[in-house]
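Visitor: Residues per chain are reported as follows:
Number of protein chains: 2
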Amino acid sequence: MSGGVPPGLSFSEWQAAGFDATACPVRNVLDRIGDKWTALTLSALAERPRRFSELHRIIPDISKRMLTQTLRGLERDGLATRHVFPTKPPSVEYRLSPLGRTVLPPLGGLVAWAAENFPEIRRARARFDAMPETGGE
Amino acid sequence: MSGGVPPGLSFSEWQAAGFDATACPVRNVLDRIGDKWTALTLSALAERPRRFSELHRIIPDISKRMLTQTLRGLERDGLATRHVFPTKPPSVEYRLSPLGRTVLPPLGGLVAWAAENFPEIRRARARFDAMPETGGE
DNA sequence: CGGGATCCAGAACGATACTG
DNA sequence: CAGTATCGTTCTGGATCCCG
Numbered sequence: 001m002s003g004g005v006p007p008g009l010s011f012s013e014w015q016a017a018g019f020d021a022t023a024c025p026v027r028n029v030l031d032r033i034g035d036k037w038t039a040l041t042l043s044a045l046a047e048r049p050r051r052f053s054e055l056h057r058i059i060p061d062i063s064k065r066m067l068t069q070t071l072r073g074l075e076r077d078g079l080a081t082r083h084v085f086p087t088k089p090p091s092v093e094y095r096l097s098p099l100g101r102t103v104l105p106p107l108g109g110l111v112a113w114a115a116e117n118f119p120e121i122r123r124a125r126a127r128f129d130a131m132p133e134t135g136g137e
Numbered sequence: 001m002s003g004g005v006p007p008g009l010s011f012s013e014w015q016a017a018g019f020d021a022t023a024c025p026v027r028n029v030l031d032r033i034g035d036k037w038t039a040l041t042l043s044a045l046a047e048r049p050r051r052f053s054e055l056h057r058i059i060p061d062i063s064k065r066m067l068t069q070t071l072r073g074l075e076r077d078g079l080a081t082r083h084v085f086p087t088k089p090p091s092v093e094y095r096l097s098p099l100g101r102t103v104l105p106p107l108g109g110l111v112a113w114a115a116e117n118f119p120e121i122r123r124a125r126a127r128f129d130a131m132p133e134t135g136g137e
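Chains as they are written, first to last, in UniProt numbering: chain A, 1 to 137; chain B, 1 to 137.
Be aware that one or more of the hints could be misleading.
No distinction is drawn between identical chains; accordingly, a pair holds when it is met within one copy or between any pair of copies.
[Stated by the list, open to error] Pairs of lysine to any residue residues, derived as SDA-like cross-links and limited to a Cα-Cα distance of at most 20 Å, are as follows:
1) LYS88 / ASN117
2) LYS64 / ALA21
3) LYS36 / ALA21
4) LYS36 / ARG123
5) LYS88 / ALA126
6) LYS36 / GLY73
7) LYS88 / ASN28
8) LYS88 / GLU116
9) LYS64 / PRO98
10) LYS36 / GLU13
11) LYS36 / SER10
12) LYS36 / PHE11
13) LYS36 / SER12
14) LYS36 / ALA23
15) LYS88 / GLN69
16) LYS64 / HIS83
17) LYS88 / ALA124
18) LYS36 / ASP20
19) LYS88 / PRO60
20) LYS88 / SER63
21) LYS64 / ALA44
Derived from the structure by calculation, the hints contain no laboratory data.
Since we're looking at a predicted model, the values are computed, not measured.
When you get a sec, could you build the whole thing from the sequences and use the hints?
Guide: In structure tokens form, the structure reads like this:
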């Protein structure tokens with residue numbers, strides 16, 4: 001077979017949405033999971049539900065502000081749910097929704113690709129960056 | 001089966017990279033394809049090689065600046081190659097590299113998920129946004 | 001035609017301090 | 001514990017003009 005386009009990546013899908021960021025499903029999803037912390041948070045929630053401070057512990061580099069914001073984004077899109085236990089002090093648990101679980105396989109596919117091909121990408125970058133700028137001596 | 005984590009999404013993959021954006025494969029890949037135009041450009045190149053102006057025609061919303069920048073990024077990462085034909089005026093063709101082709105299936109998986117679940121996400125957002133802010137009357 | 005250079009607005013993000 | 005509020009910085013992307 002020569003030059004087949006994988007299903008789901010056809011150009012017409014984007015064109016149907018008219019490139020409008022509000023209407024384009026791909027841009028909406030990429031804007032969410034392409035941000036700095038969502039994919040990582042998703043993966044942390046994939047194993048099991050986690051409390052806020054637990055997430056913060058296992059993702060040390062994230063600030064509370066960004067963790068909150070990331071979780072709100074997931075909650076807003078219906079990918080995760082938030083459960084408050086009125087203990088003292090309060091504890092809040094986040095868990096993936098059924099919808100949220102369905103994104104794990106496709107996301108995992110991309111993650112696997114990244115892990116597998118990153119060495120080659122790094123080499124490509126090194127080569128590219130070492131190239132003399134056009135006209136350079 | 002209860003609560004299995006899909007392969008390739010395990011938390012330890014991130015932890016192994018120490019969350020360092022420079023070293024983390026997932027962040028590197030997501031930073032690239034998560035940007036505003038890369039996924040769309042990739043999809044445009046999936047069908048067949050395209051010339052610069054051709055890409056610009058079929059993705060009208062992108063500026064020349066961003067199209068150039070996006071293509072440079074793909075080239076740098078070894079996902080696409082650039083071929084200059086010294087005609088007059090010059091014409092430049094871009095095409096996916098073998099490595100670039102391998103990203104299409106996983107990316108396509110995510111695109112398909114986006115297309116399929118965007119309606120539900122929109123409903124979730126509408127519900128979330130309609131919720132009274134905590135403490136609102 | 002296929003860019004590069006410059007400028008600028010807005011968004012994303014980090015650090016810090018405060019709160020129920 | 002689980003946030004919110006505020007501030008400052010950095011990064012992204014759009015507009016415009018110029019060039020071979």
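Visitor: Does each hint fit the structure? Answer for all of them.
Guide: The hints, checked one at a time:
With identical chains, the CA atoms of LYS88 and ASN117 are never at most 20 Å apart, being 47 Å at best within one copy and 38 Å at best between copies. In this assembly of identical chains, LYS64 and ALA21 lie within 20 Å of each other by CA distance solely across copies; the values are 19 Å between and 28 Å within a copy. For the identical chains of this complex, LYS36 and ALA21 are neighbours both inside a copy (19 Å) and across copies (9 Å), given an alpha-carbon limit of 20 Å. With identical chains, the CA atoms of LYS36 and ARG123 are never at most 20 Å apart, being 24 Å at best within one copy and 24 Å at best between copies.
Taking the shortest alpha-carbon separations for LYS88 and ALA126, neither the intra-copy value of 53 Å nor the inter-copy value of 32 Å comes in at or below 20 Å. In this assembly of identical chains, the alpha carbons of LYS36 and GLY73 lie at most 20 Å apart whether taken from the same copy (12 Å) or from different copies (18 Å). Taking the shortest Cα distances, LYS88 and ASN28 never come within 20 Å of each other, neither inside one copy (38 Å) nor across copies (41 Å). Taking CA atoms no more than 20 Å apart as the test, LYS88 paired with GLU116 passes in neither setting, with 45 Å inside one copy and 42 Å between copies.
Taking the shortest alpha-carbon separations for LYS64 and PRO98, neither the intra-copy value of 26 Å nor the inter-copy value of 41 Å comes in at or below 20 Å. Taking the closest pair of Cα atoms, LYS36 and GLU13 come within 20 Å of each other only across two copies (16 Å); inside a single copy the shortest separation is 26 Å, beyond that limit. Proximity of LYS36 and SER10 under a CA criterion of 20 Å is satisfied inter-copy only: 17 Å between copies versus 27 Å inside one chain copy. In this homomeric assembly, LYS36 and PHE11 come within 20 Å of each other (Cα to Cα) only across copies, at 16 Å, whereas the closest approach inside a single copy is 26 Å.
For the identical chains of this complex, LYS36 and SER12 are inter-copy neighbours only, at 18 Å across copies versus 28 Å inside a copy, given an alpha-carbon limit of 20 Å. For the homomeric pair LYS36 and ALA23, the shortest alpha-carbon distance between copies (14 Å) is at most 20 Å, but the shortest distance inside one copy (22 Å) is not. For a Cα distance limit of 20 Å, the shortest separation of LYS88 from GLN69 qualifies neither inside one copy, at 23 Å, nor across copies, at 52 Å. For a Cα distance limit of 20 Å, the shortest separation of LYS64 from HIS83 inside one copy, 18 Å, qualifies, whereas the shortest one across copies, 47 Å, does not.
Taking identical chains as interchangeable, the C-alpha atoms of LYS88 and ALA124 are never at most 20 Å apart, the minima being 53 Å within one chain and 30 Å between chains. Proximity of LYS36 to ASP20 under the C-alpha cut-off of 20 Å is restricted to the inter-copy arrangement: shortest distance 12 Å between copies versus 22 Å within a copy. In this homomeric assembly, LYS88 and PRO60 never come within 20 Å of each other (Cα to Cα): the closest approach is 24 Å inside a single copy and 55 Å across copies. Within a single copy, LYS88 and SER63 get their C-alpha atoms no closer than 23 Å, and across copies no closer than 54 Å, so neither meets the 20 Å cut-off.
When the C-alpha separation of LYS64 and ALA44 is checked against a cutoff of 20 Å, the pair qualifies only within one copy, where the shortest distance is 16 Å, while the shortest distance between copies is 39 Å.
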